[in-house]
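*Asks:* Respectively, the protein sequence lines represent chains A and B. With my numbering applied, the first sequence corresponds to residues 1 to 339, in that order. With my numbering applied, the second sequence corresponds to residues 1 to 518, in that order.
For the record, the hints were derived by calculation from the structure and aren't laboratory data. In this text the structure is predicted, and so the values were computed from the model without any measurement. Heads up, the beta-carbon is just placed ideally off N, CA and C, and yes, glycines get one too. A portion of the hints provided could be inaccurate.
Listed below are the simulated DSS-like cross-link pairs for lysine-lysine, each with C-alpha atoms no more than 30 Å apart in a straight line [said to hold, decoys possible]:
| hint | chain 1 | residue 1 | chain 2 | residue 2 |
| --- | --- | --- | --- | --- |
| 1 | B | Lys-282 | B | Lys-301 |
| 2 | B | Lys-178 | A | Lys-181 |
| 3 | B | Lys-374 | A | Lys-181 |
| 4 | A | Lys-51 | B | Lys-399 |
| 5 | A | Lys-52 | B | Lys-265 |
| 6 | B | Lys-199 | A | Lys-76 |
| 7 | A | Lys-65 | B | Lys-174 |
| 8 | B | Lys-174 | A | Lys-51 |
| 9 | B | Lys-108 | A | Lys-51 |
| 10 | B | Lys-178 | B | Lys-216 |
| 11 | A | Lys-51 | B | Lys-144 |
| 12 | B | Lys-130 | A | Lys-51 |
| 13 | A | Lys-52 | B | Lys-199 |
| 14 | B | Lys-282 | B | Lys-260 |
| 15 | B | Lys-281 | A | Lys-51 |
| 16 | B | Lys-354 | B | Lys-374 |
| 17 | A | Lys-51 | B | Lys-70 |
| 18 | B | Lys-70 | B | Lys-84 |
| 19 | A | Lys-51 | B | Lys-368 |
| 20 | B | Lys-265 | B | Lys-368 |
| 21 | B | Lys-432 | B | Lys-281 |
| 22 | B | Lys-116 | A | Lys-52 |
To be clear about the criterion: a stretch of chain B counts as covered by chain A if any three or more of its residues have a C-beta under 8 Å from a C-beta of chain A, and this derived list gives those stretches [what the hints assert, rightly or not]:
| hint | stretch |
| --- | --- |
| 23 | 28-39 |
| 24 | 215-229 |
| 25 | 235-242 |
| 26 | 388-394 |
Have a look at the derived ranges for each label pair, beta carbon to beta carbon [unchecked claim]:
| hint | chain 1 | residue 1 | chain 2 | residue 2 | range |
| --- | --- | --- | --- | --- | --- |
| 27 | B | Gly-82 | A | Gly-72 | 53 to 63 Å |
| 28 | B | Ala-175 | A | Tyr-9 | 43 to 53 Å |
| 29 | B | Arg-495 | A | Lys-51 | 43 to 53 Å |
| 30 | B | Asn-197 | A | Ala-73 | 22 to 32 Å |
| 31 | A | Gly-72 | B | Gly-68 | 47 to 57 Å |
| 32 | B | Asn-285 | A | Asn-60 | 39 to 49 Å |
| 33 | B | Ile-372 | A | Val-27 | 35 to 45 Å |
| 34 | B | Arg-442 | A | Asn-60 | 25 to 35 Å |
| 35 | A | Ser-140 | B | Ile-170 | 36 to 46 Å |
| 36 | A | Ile-31 | B | Lys-378 | 29 to 39 Å |
| 37 | B | Lys-282 | A | Val-47 | 26 to 36 Å |
| 38 | B | Arg-442 | A | Lys-51 | 18 to 28 Å |
| 39 | A | Leu-192 | B | Asn-26 | 49 to 59 Å |
| 40 | B | Tyr-145 | A | Lys-65 | 16 to 26 Å |
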Amino acid sequence: MRFWEYVAYRLILAVVVVFGVVTIVFVTSRIVPSDPAALWVGSHPTVEAIKKARIELHLNEPLWKQYAYYIGALVKGDLGVSIRTHNSVASDLRTAFSATFELIVVAEAIAILIGVPLGVVSAVRKDSWVDNLSRILAVSGVSLPAFWFGIILQLIFFRYLGILPLSDRVGTIVLLQHPLKVLTGFYLLDSLLTGNFAVFWDALKHIILPAFTLSVYPIGLITRQVRSMMVEVLQENYVRTVRAYGLPERQIYYKYALKNAITPALISVGLSFAYTLVGAFLVELVFNWPGLGRYAANAILSMDYPAISGVTIVVATTYVFVNLVVDLIQVHLDPRIVL
Amino acid sequence: MKGSVRFLLVGVFILGMFWGVAVAGNPNVAIYAYNSEMITLDPSTEFSNSVVVLANLYECLVKYTPSGLKPWLAVSWEALNGGKEWVFHLRRGVKFHSGNEMTAKDVKWSVERTIKMGGGAAFIWDPVKKVEVVDRYTVKFVLKYAANLPLIASAGYGAYIMDSKTLSEIGDNKAIAKYLNKGHEAGSGPYTLVKYNPKTEIIMKKFNDYWGGWKKGQIDIAVVKVVPDASLREQMVISGQAQITRDLPIDDIPKLEDNKKVTIKRSLSYQELYGMLNTQKKPLNNKLVRKALSYATPYEKILKYILHDYGVVANGPIPKGMFGYFQDMKGYSYDISKAKQLLSKAGYAKGGIKLLLTYMQGDSSEKKVAEILKAEWKKIGVDLEIKAMNWEQQWALAKSDPSKAQDVLVFYWWPTYATPYDFLFNMFHSEKTINFNLCYYRNPNFDKLIDEAVALEGTDVKKSSALYRKAEEILLDDAPAIFFYSPDAIYVVNRGVKGFKANPGYTQVVFFYQLFKR
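Bound-form chain A, shown alone (with noise of 0.2 Å):
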């Protein structure tokens, strides 16, 4: 009961918070100073078309009022129409988030599987070769630019070896030989799903790479995080007991002191999934991800306020949700944090 409770008051500040935040990106977003009527025509409109846009937009009516039609249409799941490129917010958003979704989904399960693993064998072998090369590729990682990171891994499977293609998130010939039926817009598991598995083997090709150029700052992340908790959680107490209790090593760091070491990590990987979904602008770029970094970098650049203001009611309720889902986890992992 009491769990349900603090998800009800979580989500009902969700909503306070995202509501915040709509209102600051509305009145930003208006008083910068440009016309949405002249990118609403195109390029060479007559004087006449750009009268009949701001009729349209309601940009002749006082600001108040064109908030109070924005909310009302918000309220009812109505996100407007891009004033760039005439298409429904929504559904734009619908199908960026689901690429970029699906990108960071790869991205941070590629981190885990590889980040902890390091971070742990770096902390039980403190200060060895192995804790020495996993700090050099931890730091470079996150030092690392991550679009030059990609132009590279580019350059040696596709230009080199020739093995992953070079960008898309797949093949437009495969795609157009086995059509995808769209379910949930995450292509791997929609060809799955349908047994499609020609556009399967192709789409984890093409994801390969972004997917890899975007987990190399998590996994440092991760690596430098759990070495540094194990290494504290193997002094403890309770780690020589089991030791001595003779279970086997594996055991002991897997089960017993990882468990203890991974909330700050978890932590991380939480919030860089969060930020990764706005923040993996040149990854997408480099690969041609039409992901949601590429439409708010162009939404913004234009001034194109339905959907600058979409992706930040998106990017908050994301924040906000993956923030609720990882205080969650906490609480199963640690029994001493209470609701």
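Given chain A, put chain B in place with the hints provided.
*Replies:* Leaving out everything else, chain B in the frame of chain A:
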């Protein structure tokens, strides 16, 4: 565990390579890697990037080419009543993608719909009073005033002929627009729409019943792929992942000339870069100062350093290759001492002029032009402040009170359809409300000349041309703008594809029907 991951990856690679091979022997595919996403798909209102798709799905009555107007859906046309009426004879046996035959009714319906919706480039039809169906294959346009209607009917925006039977069944104009923008079309062009994903790719398939017929080696599947990153587009065309692209960094082009995998196709672009001078504000309201700035601009140097000579220096307001461009007209050239002379005559012998220049953020050639001007104009005592703005902001400032607006506005112009009137009217004709006359130039004599010239364009080319020339010479003398250059349109084409030819009348369009693959 690590071993099993590696095993899985190797498996994936091997399978993937199989698929790569399996696809290679199949239909002829051409991919055009394009830098920007699509906007709308309604031929009546679309006035932006999506023409790269529309021009392959739909056709106009007339096709523009640099060597003159050519038949397209109309096989011939004639003017009556001194260009106030035009009759078009339609091609017979043209089928729309639905199987319906294209007739005079479709022409009337399409043009009237575009006029009625009044969006995008609908203004091109402004001269039209009514459209009459004479018989099944003849259509007559009755005009309010004389105009070059065949040229208008060749426009890349707003002049496409649609299948009226299919579309009128959908509902009213709004319902049709909604239907089309969802990824449908109703054209007669060589390709039909298979998949429309405005943010990533647009896939088209050849239309078997196309009136032009098909030859072996032509493209079966035409793809426009949205790839915003220029270096990625370059990689794609070199490696054959795409066949054609454009808008690569100009600094990369000389290097690509030596690349054996691609060919560089350059053509005139009908685009020109202008520096609009504020004729309503001190000190540029003085003609002598404007002339001095025109002389203090190093045209050849700009062309060389910014465009690597991929373009031509402008000699006036109309870009090279178009009707209304005169090879022998003398424009300005770089002459610092003359500029100094003019300035001292205007009372600025000691310089002391401060000017503000705006240009569009993110446009690297405009930025470099601005920087060169700053350095060069310093030599004649002009202190130039340069400011990058996004276009909507730049334009909003320019449309505010001219006495408080910028002094110099750098921007490109290109025509909606290839008439000099589009340039001269939009940028230099007197305006009640400021729109694109961003030098705020007012000259009734000039207005009269170009208004007369455009009326004669379709019927008396010689006289029209002479009137345009007179108007352009007035502009050169009044110097309301600096005419920098006209850049080439540069397409990079993979050697696997033949037959590509850019048509400056249809900006950025690749007509896939021209292409052949071995």
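*Asks:* Are the Cα positions of Lys-65/A and Lys-174/B separated by 30 Å at most?
*Replies:* Status holds; Cα separation ~26 Å.
*Asks:* Given a hint of 43 to 53 Å, does the C-beta separation of Ala-175/B and Tyr-9/A actually sit inside it?
*Replies:* holds (46 Å)
*Asks:* In this structure, is the beta-carbon distance linking Ile-31/A and Lys-378/B contained in 29 to 39 Å?
*Replies:* holds (36 Å)
*Asks:* Can you confirm whether the C-alpha distance between Lys-282/B and Lys-260/B stays at or below 30 Å?
*Replies:* violated (54 Å)
*Asks:* Measure nothing beyond the straight line between the CA atoms of Lys-281/B and Lys-51/A; if it is 30 Å or shorter, mark the hint as holding.
*Replies:* holds (27 Å)
*Asks:* Check the hint pairing Lys-432/B with Lys-281/B against an upper bound of 30 Å on the C-alpha distance.
*Replies:* holds (18 Å)
*Asks:* Holds or violated: 35 to 45 Å for the Cβ distance of Ile-372/B and Val-27/A?
*Replies:* holds (40 Å)
*Asks:* Can you confirm whether the C-alpha distance between Lys-52/A and Lys-199/B stays at or below 30 Å?
*Replies:* holds (27 Å)
*Asks:* For a C-alpha distance cap of 30 Å, please report whether Lys-282/B and Lys-301/B respect it.
*Replies:* Distance of about 28 Å is within 30 Å: holds.
*Asks:* Quick one, are Lys-130/B and Lys-51/A close enough, alpha carbons at most 30 Å?
*Replies:* Measuring from Cα to Cα gives roughly 25 Å; hence the hint holds.
*Asks:* Would you check the hint for Lys-199/B and Lys-76/A, treating anything up to 30 Å between C-alpha atoms as holding?
*Replies:* holds (25 Å)
*Asks:* Does the Cβ-Cβ separation between Ser-140/A and Ile-170/B fall within 36 to 46 Å?
*Replies:* violated (58 Å)
Hint violations for this structure: numbers 3, 5, 10, 14, 17, 19, 32, 35, 39 and 40, all remaining hints satisfied.
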